[in-house]
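Asks: Spelled out from the first residue to the last, the chains are:
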Amino acid sequence: MFKRVLIANRGEIAVRMVRACRDMGLAAIAVYEPGDEGALHVRLADEAYPITSPLGYRDPEAMLAVARVSKVDAVHPGYGLISEHPGFAQACEAAGIAVVGPGSTVLANVRDKVGAVAHARAAGIPTTRPSSRSFMPDETAALLNEADLIGYPLVVKACAGGRGRGTSVARGPDDLLDVVRRSSTAAQAVYLDPQVYLEEAVLPSRYIEVPILGDHHGNLIHLGERDGSIQRNTRKVIEETPAPNLSQAQREAIWATALQVARLFSCRSACTIEFVLDGEGRHFFTEVKPRLQVEHLVSEMVTRIDVVREQLRIAAGLPLEFTQEEVHLRGHAIFCRINAEDPWHGYLPSPGHITSFRVPGGPNVRVDTYVYAGAEVPVRYDSLLAKLVAWGPTREECLNRVQRALQEFQITGIQTNLALLRLILNDNAFIAGTYTTEFSRRRLMEMPPLSDDTSDLAAIAALAYLRRTQAAQPAIPEAFTSGWHRDSRRLPQ
Amino acid sequence: MRRFVVTIDETEFEVEVMGVARAEGWIEVQVNGEPMRVLLPWSATADQSGWAMVNNRPHEIQLDHDLHWIQTPHGRHSVQIRDRDTATARPRSGDGRIKAPIPGLIARILVEPGQHVEVGQPVLVLEAMKMQNEITAPRSGTISMLNIQPGQSVKLHELLIEIS
Numbered sequence: 001m002f003k004r005v006l007i008a009n010r011g012e013i014a015v016r017m018v019r020a021c022r023d024m025g026l027a028a029i030a031v032y033e034p035g036d037e038g039a040l041h042v043r044l045a046d047e048a049y050p051i052t053s054p055l056g057y058r059d060p061e062a063m064l065a066v067a068r069v070s071k072v073d074a075v076h077p078g079y080g081l082i083s084e085h086p087g088f089a090q091a092c093e094a095a096g097i098a099v100v101g102p103g104s105t106v107l108a109n110v111r112d113k114v115g116a117v118a119h120a121r122a123a124g125i126p127t128t129r130p131s132s133r134s135f136m137p138d139e140t141a142a143l144l145n146e147a148d149l150i151g152y153p154l155v156v157k158a159c160a161g162g163r164g165r166g167t168s169v170a171r172g173p174d175d176l177l178d179v180v181r182r183s184s185t186a187a188q189a190v191y192l193d194p195q196v197y198l199e200e201a202v203l204p205s206r207y208i209e210v211p212i213l214g215d216h217h218g219n220l221i222h223l224g225e226r227d228g229s230i231q232r233n234t235r236k237v238i239e240e241t242p243a244p245n246l247s248q249a250q251r252e253a254i255w256a257t258a259l260q261v262a263r264l265f266s267c268r269s270a271c272t273i274e275f276v277l278d279g280e281g282r283h284f285f286t287e288v289k290p291r292l293q294v295e296h297l298v299s300e301m302v303t304r305i306d307v308v309r310e311q312l313r314i315a316a317g318l319p320l321e322f323t324q325e326e327v328h329l330r331g332h333a334i335f336c337r338i339n340a341e342d343p344w345h346g347y348l349p350s351p352g353h354i355t356s357f358r359v360p361g362g363p364n365v366r367v368d369t370y371v372y373a374g375a376e377v378p379v380r381y382d383s384l385l386a387k388l389v390a391w392g393p394t395r396e397e398c399l400n401r402v403q404r405a406l407q408e409f410q411i412t413g414i415q416t417n418l419a420l421l422r423l424i425l426n427d428n429a430f431i432a433g434t435y436t437t438e439f440s441r442r443r444l445m446e447m448p449p450l451s452d453d454t455s456d457l458a459a460i461a462a463l464a465y466l467r468r469t470q471a472a473q474p475a476i477p478e479a480f481t482s483g484w485h486r487d488s489r490r491l492p493q
Numbered sequence: 001m002r003r004f005v006v007t008i009d010e011t012e013f014e015v016e017v018m019g020v021a022r023a024e025g026w027i028e029v030q031v032n033g034e035p036m037r038v039l040l041p042w043s044a045t046a047d048q049s050g051w052a053m054v055n056n057r058p059h060e061i062q063l064d065h066d067l068h069w070i071q072t073p074h075g076r077h078s079v080q081i082r083d084r085d086t087a088t089a090r091p092r093s094g095d096g097r098i099k100a101p102i103p104g105l106i107a108r109i110l111v112e113p114g115q116h117v118e119v120g121q122p123v124l125v126l127e128a129m130k131m132q133n134e135i136t137a138p139r140s141g142t143i144s145m146l147n148i149q150p151g152q153s154v155k156l157h158e159l160l161i162e163i164s
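Chains E and A are the protein sequences, given in the same order. Under the numbering used here, think of the first position of the first sequence as 1, with each following residue one higher. Under the numbering used here, think of the first position of the second sequence as 1, with each following residue one higher.
The set of hints was computed from the structure by calculation and includes no laboratory data. Hints are not guaranteed to be accurate.
To list a few chain E residues with every Cβ distance to chain A over 12 Å, as calculated [to be verified]:
1) Asp46
2) Arg129
3) Ala189
4) Glu325
5) His328
6) Arg395
7) Pro448
No more than 16 Å apart at the CA atoms, straight line, and that leaves these computed lysine to aspartate or glutamate pairs for EDC-like [unchecked claim]:
8) A:Lys130 to E:Asp342
9) A:Lys130 to E:Asp73
10) E:Lys3 to E:Asp23
11) A:Lys155 to A:Glu127
12) E:Lys3 to E:Asp73
13) A:Lys130 to E:Asp193
14) E:Lys113 to E:Glu200
15) E:Lys71 to E:Glu47
16) E:Lys71 to E:Asp46
Think of the CB as a built atom: it goes at the ideal place given N, C-alpha and C, for glycine as much as any other residue.
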């Protein structure tokens, strides 16, 4: 087993990886960009090294330099940043440092999503129909031509990154170029790659994904399927496992295809095989995520498998300790992504100082986060603040538990999407488990929440108003005051 | 006694506050003529978030600093308060100055000086926290000032555009 592991990431996932190392008795080595040295993943690590390149955490060469200087025997890149960079994985491999992940060959093979789908299709796996190649956003004539061949509506997808950011539906030639431009700029901002490709739309559809674990000894298992159809502001916000309203035969067919795809691409470590389901419940392969996923903890809740631990063991060359038959999918888990944003204000990001942070507790509730009361949410990183997952023996009990956990969760000082998550989970389509990706078009926030006693709120609002006007009454007549006094009696911001 | 008309979402309530709204202890109010007792710690109104108790019902609340909304764990309600004694309704929209709501980078500018805009119309795109954020006009009018360039970094509360 390794002795020292470089955590080549930041935020909640870096904290998650530091924890996995500590739990296994390994030294966790953190990196930090200037200004991020006080972050939780740094504080919890055994050692920490600065990364001074202008690209920071995204610079594969600077990261490799840190790996060398800190004399680690493995690097865990987490998700995002350099996790899917084949060049980085290759350079580490050449330097004799293990990379926790599927390896540079798999990364290179699945990076070209259009090529990966074609490869799977040639092997007889049901797939979606993507465009013949990827495009730069200014190839307008070629894009319009290709779109005519595929037919509308179609999905515009960023070549880099996940299914949320940079993925949107174009419903006709009029909005195609606009959708392409938006996807491309989002992809450029997040993944530094503006290329997009088109794909036949399956509407209404469900996004189903199957996490797999593979070792270097030919063992390959799946951890059940997850439903990630619920999106808001083009991002997955809720996932659950098992996916609701699937027959056992459907599930087993999806798992079998996932393992077939994983074998085809020689997937090792933790990968996720993604599918769309059409209205008739048929599944089509879309892409391989060759990394640990944001939502991995929802699968950890039902399998009781520590995915990051398994990744580290696999990278060290150890065989999986369990077979597929020994993986028991118990009960139900629901995952929520808590973002620093204001859903009632166009999802405007909300960085700033967290004044209080009350984490939900009780049985079968887990929160992964990098923040705490007094922490700063920096403006230059992603708005993901915390991840909440709740488990229950049945879907119904799990729903109750995740609802109460969200009610307990209180974050002040910045805006969050906590209340929006409760509105989603309270929606009839979610409760019935009949939602599809079309759920994102549902107007939830325009409707006032029903479960509050509005006459109580009226009394509270009137008193709050009275308090504020009383606080703003000047004790000294305005004419006798200097300018600074006028400023100093402003309402608290 | 102070009297208010408080509109929560679409519903109007007549609220009377008996005596002074003290900083501590229970406050007697009437909502639509029905007596209620409210416990509202001072910190809840100063920090914009906290808790309150109305009769025997606990509430966790978050208040907009302009009191245009009140949020509970269940979601957000719109609020409008009219002071019966001064008879002035507080305006729902601010002035025509658009300030940077977060520090970021001006990705695109969608309007020109002199152009007429409608309330809610997107006027610029501000990139922050890896997101493209559309900033909309707070009121209808004409763009009278625009002193930003695409690609420019802006600070929190920096004046970007003025509509008059």
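Asks: Evaluate each hint against the coordinates.
Replies: Status of each hint after checking the structure:
| no. | hint | verdict |
| --- | --- | --- |
| 1 | Asp46 | holds (29 Å) |
| 2 | Arg129 | holds (29 Å) |
| 3 | Ala189 | violated (5 Å) |
| 4 | Glu325 | holds (42 Å) |
| 5 | His328 | holds (34 Å) |
| 6 | Arg395 | holds (21 Å) |
| 7 | Pro448 | violated (4 Å) |
| 8 | A:Lys130 to E:Asp342 | holds (15 Å) |
| 9 | A:Lys130 to E:Asp73 | violated (32 Å) |
| 10 | E:Lys3 to E:Asp23 | holds (13 Å) |
| 11 | A:Lys155 to A:Glu127 | holds (12 Å) |
| 12 | E:Lys3 to E:Asp73 | holds (7 Å) |
| 13 | A:Lys130 to E:Asp193 | holds (13 Å) |
| 14 | E:Lys113 to E:Glu200 | holds (14 Å) |
| 15 | E:Lys71 to E:Glu47 | holds (11 Å) |
| 16 | E:Lys71 to E:Asp46 | holds (13 Å) |
Checked against the numbered hints above, the structure breaks hints 3, 7, 9 and satisfies the rest.
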